[in-house]
Amino acid sequence: MSDEIDRTVLPIRRPPFTGTASQTLAGSDPDWGLIGHAKAPAGAPNVLVVLIDDAGFGNPSTFGGPIRTPHYDRMAAEGLRYNRFHVTAMCSPTRAALLTGRNHHAVGMGGIPEFSCGFPGYSAMLPRDAAPFPKVMQGNGYSTAAIGKWHLTPEGEQGPAGPFTHWPNAWGFDYYWGFLAPEAGQYDTMIAENNKFIGVQEGTDGKPFYFPEAMTDQAIDWLHGVRGHDGEKPWMLYYSTGCSHAPHHVAKEWSDRYKGQFDQGWDRLREETFERQKALGVVPEGTELTPRPAEMPAWDSLSENSKRLFAHQMEVYAGYSENADHHVGRLLSSIEEMGELDNTLVVWIWGDNGASLEGTPTGSFNEGTMVNGLPLTDQEQMQLALKWGGLEAWGTEMMYPHYSTAWAWAGNTPFAWGKQVASHLGGTRDPLVIRWPAKIADPGGLRSQFTHVSDIGPLILDLVGIPQPTLVDGVEQQPMTGVSFAESLADAEAPDVHTRQYFENFGNRAMYQDGWWLSMRMPRIPWRLDPEMLKTFAPGVWKPDEDPVELYYLPDDFSQARDVAAEHPEKVEELKALFWEEAEKYHVKPLLSGFAPFFGILPPIGTNSTTTYYGNVQNVAPGLVPRVYNRSYTITADLQIPEGGAEGVIVADGTHLGGFSLYVEDGKLKHTYAFLGVFEYRQESDGALPSGDVQVQVAFAADEPKPATPGDITLYVNGEQVGKGRLEHSVPFGFSGYSGLDVGQDNGLVADRAYAAKAPFAFTGTVKKVVFDVAPHLDADDDLAIHTHARQSDTVRGVNG
Amino acid sequence: MSDTEYDVVIAAYLIPDLAHDDFDALVRLVAEKELEVEGVALVTVDPDGEVAVEETGDHLGRKGVKLGGGVGLVVGLFSPPLLAATVVGAAAGGVVAKFAKHQVSSGLGEKLGGALPPGSAGILAIYDRAKTDLVTTTLVSAVRSSTAEIDGGGAKDLKAALAEAQAGMGGG
Numbered sequence: 001m002s003d004e005i006d007r008t009v010l011p012i013r014r015p016p017f018t019g020t021a022s023q024t025l026a027g028s029d030p031d032w033g034l035i036g037h038a039k040a041p042a043g044a045p046n047v048l049v050v051l052i053d054d055a056g057f058g059n060p061s062t063f064g065g066p067i068r069t070p071h072y073d074r075m076a077a078e079g080l081r082y083n084r085f086h087v088t089a090m091c092s093p094t095r096a097a098l099l100t101g102r103n104h105h106a107v108g109m110g111g112i113p114e115f116s117c118g119f120p121g122y123s124a125m126l127p128r129d130a131a132p133f134p135k136v137m138q139g140n141g142y143s144t145a146a147i148g149k150w151h152l153t154p155e156g157e158q159g160p161a162g163p164f165t166h167w168p169n170a171w172g173f174d175y176y177w178g179f180l181a182p183e184a185g186q187y188d189t190m191i192a193e194n195n196k197f198i199g200v201q202e203g204t205d206g207k208p209f210y211f212p213e214a215m216t217d218q219a220i221d222w223l224h225g226v227r228g229h230d231g232e233k234p235w236m237l238y239y240s241t242g243c244s245h246a247p248h249h250v251a252k253e254w255s256d257r258y259k260g261q262f263d264q265g266w267d268r269l270r271e272e273t274f275e276r277q278k279a280l281g282v283v284p285e286g287t288e289l290t291p292r293p294a295e296m297p298a299w300d301s302l303s304e305n306s307k308r309l310f311a312h313q314m315e316v317y318a319g320y321s322e323n324a325d326h327h328v329g330r331l332l333s334s335i336e337e338m339g340e341l342d343n344t345l346v347v348w349i350w351g352d353n354g355a356s357l358e359g360t361p362t363g364s365f366n367e368g369t370m371v372n373g374l375p376l377t378d379q380e381q382m383q384l385a386l387k388w389g390g391l392e393a394w395g396t397e398m399m400y401p402h403y404s405t406a407w408a409w410a411g412n413t414p415f416a417w418g419k420q421v422a423s424h425l426g427g428t429r430d431p432l433v434i435r436w437p438a439k440i441a442d443p444g445g446l447r448s449q450f451t452h453v454s455d456i457g458p459l460i461l462d463l464v465g466i467p468q469p470t471l472v473d474g475v476e477q478q479p480m481t482g483v484s485f486a487e488s489l490a491d492a493e494a495p496d497v498h499t500r501q502y503f504e505n506f507g508n509r510a511m512y513q514d515g516w517w518l519s520m521r522m523p524r525i526p527w528r529l530d531p532e533m534l535k536t537f538a539p540g541v542w543k544p545d546e547d548p549v550e551l552y553y554l555p556d557d558f559s560q561a562r563d564v565a566a567e568h569p570e571k572v573e574e575l576k577a578l579f580w581e582e583a584e585k586y587h588v589k590p591l592l593s594g595f596a597p598f599f600g601i602l603p604p605i606g607t608n609s610t611t612t613y614y615g616n617v618q619n620v621a622p623g624l625v626p627r628v629y630n631r632s633y634t635i636t637a638d639l640q641i642p643e644g645g646a647e648g649v650i651v652a653d654g655t656h657l658g659g660f661s662l663y664v665e666d667g668k669l670k671h672t673y674a675f676l677g678v679f680e681y682r683q684e685s686d687g688a689l690p691s692g693d694v695q696v697q698v699a700f701a702a703d704e705p706k707p708a709t710p711g712d713i714t715l716y717v718n719g720e721q722v723g724k725g726r727l728e729h730s731v732p733f734g735f736s737g738y739s740g741l742d743v744g745q746d747n748g749l750v751a752d753r754a755y756a757a758k759a760p761f762a763f764t765g766t767v768k769k770v771v772f773d774v775a776p777h778l779d780a781d782d783d784l785a786i787h788t789h790a791r792q793s794d795t796v797r798g799v800n801g
Numbered sequence: 802m803s804d805t806e807y808d809v810v811i812a813a814y815l816i817p818d819l820a821h822d823d824f825d826a827l828v829r830l831v832a833e834k835e836l837e838v839e840g841v842a843l844v845t846v847d848p849d850g851e852v853a854v855e856e857t858g859d860h861l862g863r864k865g866v867k868l869g870g871g872v873g874l875v876v877g878l879f880s881p882p883l884l885a886a887t888v889v890g891a892a893a894g895g896v897v898a899k900f901a902k903h904q905v906s907s908g909l910g911e912k913l914g915g916a917l918p919p920g921s922a923g924i925l926a927i928y929d930r931a932k933t934d935l936v937t938t939t940l941v942s943a944v945r946s947s948t949a950e951i952d953g954g955g956a957k958d959l960k961a962a963l964a965e966a967q968a969g970m971g972g973g
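So the sequence lines, in the order shown, correspond to chains A and B.
Residues 1 to 801 (this note's numbering) are what the first sequence spells out, left to right.
Residues 802 to 973 (this note's numbering) are what the second sequence spells out, left to right.
The shape of chain A in the complex, shown without the other chains (with noise of 0.2 Å):
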């Protein structure tokens, strides 16, 4: 195909046949052009898109911050640093701008996919109108893949029944492997291939799964692939690290790395990170460091004991990071080695948003004891920590570890606040780094125009000279709202391309326009979605535009430091008023849509209270699984077991730090409720399972259908009872983000330990099938409450995403 072609309208239309086709052969020209591809223009490069997970402007070294990364250090040496790069201060909305090249709302992503909202900006739902750029590159002659984190398939399609509109091959790549999920163990990835869960993986060369490490060996084999099979057609590449959202799961041996130089504490760590950035020039003169929010404490107020902890936190996180950061390596030395790194743009940004804060003031040992609303002491986070290894464990699969909040402030030098505080640069700033030879001619150069997130499809679009399409499978595409800034890359002083932006996530704003950022942070911190917090923002007791407001001249002010909204009135209400204008542009009302359920407004209740599993079913995204919190349910199963007995898991889901599993061992049929790692409740059965076919039955009477609910357990074989027990507490938003549910067997990390030597522990002899019912005695009233808290629960869990 010639660049002549019209590349506007996707697919490309097939060419005229020009050859001649007779009766027979004879008189017969073919035209051989009609059986080839749509190609890439010409000159075309290849492309490298790389996401870091959850990280801050002042992270890597090569924004000045303590983690070392020479990589990334190696990138913008060769290539060039953004310093005034922004994100939305959420995972998948970023991710959606990102991929997209439009805002976040416009495509249906201002919240997240745990939660689709019936509004147009909040839905999940990608529309047709908005074809993600890989998929206009796919459509233009690229070989496209996607390698990593996702977080952009709602939660309920997220199964074989699908469709599969929204998972990443329709999103426009030809290959994917990763996990949907907003976070992962790294040890235990319940990975997606495609259109497929084809669930936690082996290790290779007697080593254990590590994460980090088969995502690069993935995305290396893909890229032999391709080139095997092609050796000139070009390829983009989506690299998206679960790193380093937690857990923050890594070797020791890369956390030791580390060992002490976390000691002077978070506001020391703030002054020295400060100072290299001012070094390095990444921040200009004049710059001021933001001072320490009231709702961090100050280290020094800290006991010895906490110091020591949270130190030990941050060099587990540091770890993290440098080994994201060394397999990114692995992958540029791969594309070295194939002799095409000069001829590949490579976009690395670190953070999809600012560092997260959402780890609590404390840190936790399992993130998702925040994400249930359990607070935890320091002495209990301690007393827990230690219960699963300790110290040395902080990193290791035996804990889900997220650090303290204020190592995420930290890691945003030399801003305010963080991840979903879309109002302030801590949320919202991160680094970018462009290399690609061909358009750079001072390596290692600085570049400060604003840039934006969703700016980065149109500036590859742009760079790689494919056209953004207006018809896309027949349908009309909407503008893309990022702007290349292409010029940028060859012209230190080119002017801003980008000189508006709004930015919105769960209620906290801003806009920007030519320098100027009104911020409009909601009174919420961000690890708190309590009810007594919530009510605070409920519909008609909210008033967004009575909300504090800062506002900021960033030219002259990078860090957001010095406040001047009392000084420019009339600017503070033309960016109000803009705000407004964009909301209703990019579907960004109603505002707080993304906690709906919080407020009472639901999707329509289901009708089935049951689901029932035929055979081994295994890797039930966490989305799909039977939602048994809050109420009564009863898990029933039909089972063959032979002569002798059998042992095994029946049905299982979660992991020891959050989880259940009904299981037979010793001739026993055992139940194991695994709570968060902070209690765990077992039950047994008196005598031995008869042979033959055999039904047992777990059932769970909730005192009320109520949050973490206690209730009782009781054990039932052939309809005979046959052991109880207690939960004094139960789960009550969900036990895992990431861990699935399996029938026959229990993959990756197991939800009792006590059986983890035999893992995956499948059941010797067959279960036929298992029932879960989760109403069966419930009042209309009862499931109102339980279907409301259920929508709840999937904001909870989205929102650290």
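No lab work stands behind these hints: they were computed from the structure.
Check each hint, because a few of them may be wrong.
[Claimed, not checked] Rough simulated footprint, nothing fancy, chain A against chain B, three-plus residues with beta-carbon under 8 Å:
#1 809-821
#2 924-932
[Said to hold, decoys possible] EDC-like, lysine to aspartate or glutamate: derived pairs with alpha carbons at most 16 Å apart:
#3 A:Lys207 to A:Asp267
#4 B:Lys932 to B:Glu833
#5 A:Lys233 to A:Glu340
#6 A:Lys278 to A:Glu288
#7 A:Lys571 to A:Glu584
#8 A:Lys252 to B:Asp847
#9 A:Lys252 to B:Asp849
#10 B:Lys932 to B:Asp808
#11 A:Lys307 to A:Asp267
#12 A:Lys706 to A:Glu728
#13 A:Lys307 to B:Asp818
#14 A:Lys259 to B:Asp818
[What the hints assert, rightly or not] Some chain B residues close to chain A (C-beta under 10 Å, calculated; not the full set):
#15 Ala853
#16 Leu917
#17 Pro919
#18 Gly920
Glycine included, C-beta positions come from ideal geometry on N, C-alpha and C.
Chain A is fixed; fit chain B onto it per the hints.
Then chain B, alone, in the frame of chain A:
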């Protein structure tokens, strides 16, 4: 024989250094005769799981008793040789050991060992009950601790108290 009544405390530490600090403070109290103990021991578990028992010696110095990683603390702390020499014996300047003649095999060690993961530490002390507050404030960096009264002077009494204290270490 003294009429002093004793308690036993088991304290677990996330940070071994801080256990050392508390242990030294406790020993200092004994040296300064502000506290009477029948025995006090510091147990550390290194990152590889190797257990070491450090105890107050004849001169209130510490000496390490290295144990294999597979050796439970029941052996380290309460098997006959160490019971006398390490824990209850000549601690704190040669106090006559009230429980020294008894052999105690409480099973505490396995349980305590289970509660002390690699990289952690624990302190066990048998002390004058009247000084409970002093001991509590001295073991300031303990992540978790549990105390039990020793009702008499026999091995069963000590064993029962140890079991009670150990039970208090359970749960979250």
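To see whether the hints hold, each was checked on the structure:
1. 809-821: holds (count 5)
2. 924-932: violated (count 0)
3. A:Lys207 to A:Asp267: Outside the cut-off at roughly 39 Å; violated.
4. B:Lys932 to B:Glu833: With Cα atoms ~14 Å apart, lysine 932 of chain B and glutamate 833 of chain B stay inside 16 Å; holds.
5. A:Lys233 to A:Glu340: The hint holds at about 12 Å.
6. A:Lys278 to A:Glu288: Satisfied, since the Cα-Cα distance of roughly 10 Å is no more than 16 Å.
7. A:Lys571 to A:Glu584: 20 Å, violated
8. A:Lys252 to B:Asp847: Satisfied, since the Cα-Cα distance of roughly 14 Å is no more than 16 Å.
9. A:Lys252 to B:Asp849: Judged against 16 Å, a Cα distance of about 12 Å means the pair holds.
10. B:Lys932 to B:Asp808: 9 Å, holds
11. A:Lys307 to A:Asp267: At roughly 12 Å apart (the allowed maximum being 16 Å), aspartate 267 of chain A and lysine 307 of chain A satisfy the hint.
12. A:Lys706 to A:Glu728: The given pair, whose Cα atoms are some 13 Å apart, holds under the 16 Å limit.
13. A:Lys307 to B:Asp818: 13 Å, holds
14. A:Lys259 to B:Asp818: 15 Å, holds
15. Ala853: Constraint on alanine 853 of chain B not satisfied, violated at 15 Å.
16. Leu917: 8 Å, holds
17. Pro919: 5 Å, holds
18. Gly920: The hint holds - glycine 920 of chain B has a Cβ within 10 Å of chain A, the shortest such distance being about 4 Å.
Checked against the numbered hints above, the structure breaks hints 2, 3, 7 and 15 and satisfies the rest.
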